[in-house]
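Participant: When you get a sec, could you build the whole thing from the sequences and use the hints?
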Amino acid sequence: MLKISIPILEEIKSEAKKIYPYECCGLMLGTEEKERIITELLPINNSIIDNQSRRRFSITAEDFLKAELLAATKGLSILGIYHSHPDHKAVPSDFDRECALPFYSYLIVSVEQKESKDVTSWLLSENRISFIREDILELS
Amino acid sequence: MPVSLLIPTALRGFTEGKAELFLEGQNVKEILIALTEKYPDIKLHLFDENNSLRSFINVFLGERNIKNLQGLDTQVNQGDKLLLIPAIAGGQPKKRDPFQR
Chain A
1 MLKISIPILE
11 EIKSEAKKIY
21 PYECCGLMLG
31 TEEKERIITE
41 LLPINNSIID
51 NQSRRRFSIT
61 AEDFLKAELL
71 AATKGLSILG
81 IYHSHPDHKA
91 VPSDFDRECA
101 LPFYSYLIVS
111 VEQKESKDVT
121 SWLLSENRIS
131 FIREDILELS
Chain B
1 MPVSLLIPTA
11 LRGFTEGKAE
21 LFLEGQNVKE
31 ILIALTEKYP
41 DIKLHLFDEN
51 NSLRSFINVF
61 LGERNIKNLQ
71 GLDTQVNQGD
81 KLLLIPAIAG
91 GQPKKRDPFQ
101 R
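For the record, the sequence lines run as chains A and B.
Just so you know, we're using this note's numbering here: the first sequence kicks off at 1 and counts up by one.
Just so you know, we're using this note's numbering here: the second sequence kicks off at 1 and counts up by one.
Source of the hints: derived by calculation from the structure; they are not laboratory data.
Remember, it's a predicted structure, so these values are computed and weren't measured experimentally.
Ideal Cβ positions, reconstructed from N, Cα and C, are used throughout, including at glycine.
One thing to keep in mind: the hints can contain errors.
Claimed, not checked - Derived coverage of chain B by chain A (criterion: at least 3 residues anywhere in the stretch with Cβ under 8 Å from a Cβ of chain A; other residues may be distant): (1) 4-11; (2) 56-62; (3) 74-86.
Stated by the list, open to error - Only part of the chain B face toward chain A is listed, based on derived beta-carbon distances under 8 Å: (4) Leu44; (5) Asn50; (6) Asn51; (7) Gly90; (8) Gly91; (9) Gln92.
To be verified - Which chain A residues face chain B? A few, computed with CB under 10 Å, are given here: (10) Tyr20; (11) Ile48; (12) Thr60; (13) His83; (14) His85; (15) Arg97; (16) Ala100; (17) Leu101; (18) Pro102; (19) Arg128; (20) Ile132.
Facilitator: Here's what the structure looks like:
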């Protein structure tokens with residue numbers, strides 16, 4: 001289960017609306033002992049800057065490395081990745097799966113006509129064949 | 001000639017939770033082979049069905065991406081630090097098919 005505060009969730013939805021019709025993306029930092037709790041976001045510029053960014057996002061290895069180091073200085077870990085699906089369901093695509101790693105929570109927010117709709121979270125199966133939906137618990 | 005290899009959080013479940021491994025090899029390819037021999041289950045996430053390094057998996061030698069060096073043939077020396085760093089990507093299907101994924 002992914003625990004995330006309502007303000008952080010609203011921050012993701014707000015960013016997704018702001019970037020629409022392009023895809024937003026970023027990293028979710030937090031702690032995980034018995035529970036996976038997201039405590040802050042790290043928005044990342046989508047490194048795909050052409051028309052593809054309406055349906056693709058990319059976070060470079062260099063940005064990811066910087067984020068890992070930043071998280072470590074805060075005593076946090078990168079626990080997941082969020083991105084938006086403009087005018088599409090909040091369901092991972094085959095491309096999402098091909099580029100995914102186990103462990104991370106993949107949070108997707110659908111944006112329909114500039115309005116954020118559903119938010120879902122997914123974990124890659126260890127055999128890479130599918131995503132498994134993860135419950136989200138919104139903390140007030 | 002042991003070389004340090006730092007494992008990202010996402011893959012530590014395959015390395016008994018270890019964040020750093022010391023592996024023997026002359027170049028990056030040999031180090032990754034040593035890794036997958038020691039921890040076979042990690043291979044699926046690093047290499048595709050053609051045995052090529054997955055496009056989103058990056059290896060850094062210090063602060064330099066081996067893509068900007070000699071790739072998997074990049075030579076390593078004792079005391080070098082290698083880092084496995086994922087690039088993250090995703091998005092929608094190629095054909096826009098609204099709400100029919």
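Participant: For each hint, tell me whether it holds in the structure or not.
Facilitator: Hint-by-hint comparison with the structure:
Here the stretch 4-11 of chain B counts 4 residues with a CB under 8 Å from a CB of chain A, which clears the bar of 3, and the coverage holds. Given as covered by chain A, the stretch 56-62 of chain B passes the check, having 3 residues with a CB less than 8 Å from a CB of that chain where 3 are the minimum. Coverage of the stretch 74-86 of chain B by chain A holds in this model, with 3 residues showing a Cβ closer than 8 Å to a Cβ of that chain against a need of three. Below 8 Å, beta-carbon pairs count as interface contacts, and leucine 44 of chain B has one with chain A at about 6 Å; its hint therefore holds.
Taken as an interface hint, asparagine 50 of chain B does not check out: its beta carbon lies about 13 Å from the nearest beta carbon of chain A, beyond 8 Å. Hint status for asparagine 51 of chain B: violated, given a least beta-carbon distance of 15 Å to chain A, over 8 Å. Residue-level restraint check for glycine 90 of chain B holds (minimum Cβ-Cβ distance to chain A is 4 Å; threshold 8 Å). About 4 Å separates the beta-carbon of glycine 91 of chain B from the nearest beta-carbon of chain A, less than 8 Å, and the hint is met.
A hinted interface residue such as glutamine 92 of chain B counts as satisfied when its beta carbon comes closer than 8 Å to some beta carbon of chain A; here the least separation is about 4 Å, so the hint holds. The criterion of a C-beta within 10 Å of any C-beta in chain B is not met by tyrosine 20 of chain A, whose closest approach is roughly 13 Å, and the hint is violated. For the restraint placing isoleucine 48 of chain A at the interface with chain B, the shortest Cβ-Cβ distance is roughly 8 Å, inside the 10 Å limit, so the hint holds. A cut of 10 Å between beta carbons decides the hint on threonine 60 of chain A: the least distance to chain B is about 6 Å, and the hint holds.
Satisfaction of the interface hint for histidine 83 of chain A is found here, the shortest Cβ-Cβ separation to chain B being roughly 6 Å, below the 10 Å cut-off. Annotation: interface hint on histidine 85 of chain A holds; nearest CB of chain B at approximately 6 Å, less than 10 Å. The beta carbon of arginine 97 of chain A is positioned within 10 Å of a beta carbon in chain B (closest approach about 9 Å), and the interface hint is therefore held. With a least beta-carbon distance of about 7 Å to chain B, the hint placing alanine 100 of chain A at the interface is held under the 10 Å criterion.
Contact between leucine 101 of chain A and chain B, as hinted, is supported at the beta carbon level, the nearest pair being about 4 Å apart and thus within 10 Å. Against a cut-off of 10 Å between C-beta atoms, the interface hint on proline 102 of chain A holds, since the closest Cβ of chain B lies about 6 Å away. Taking 10 Å as the C-beta cut-off, the interface hint given for arginine 128 of chain A holds, the closest approach to chain B being about 6 Å. Look at isoleucine 132 of chain A: its Cβ only gets to about 15 Å from chain B, farther than 10 Å, so that hint breaks.
When the structure is compared with the earlier hints, violations turn up for hints 5, 6, 10 and 20 and for no others.
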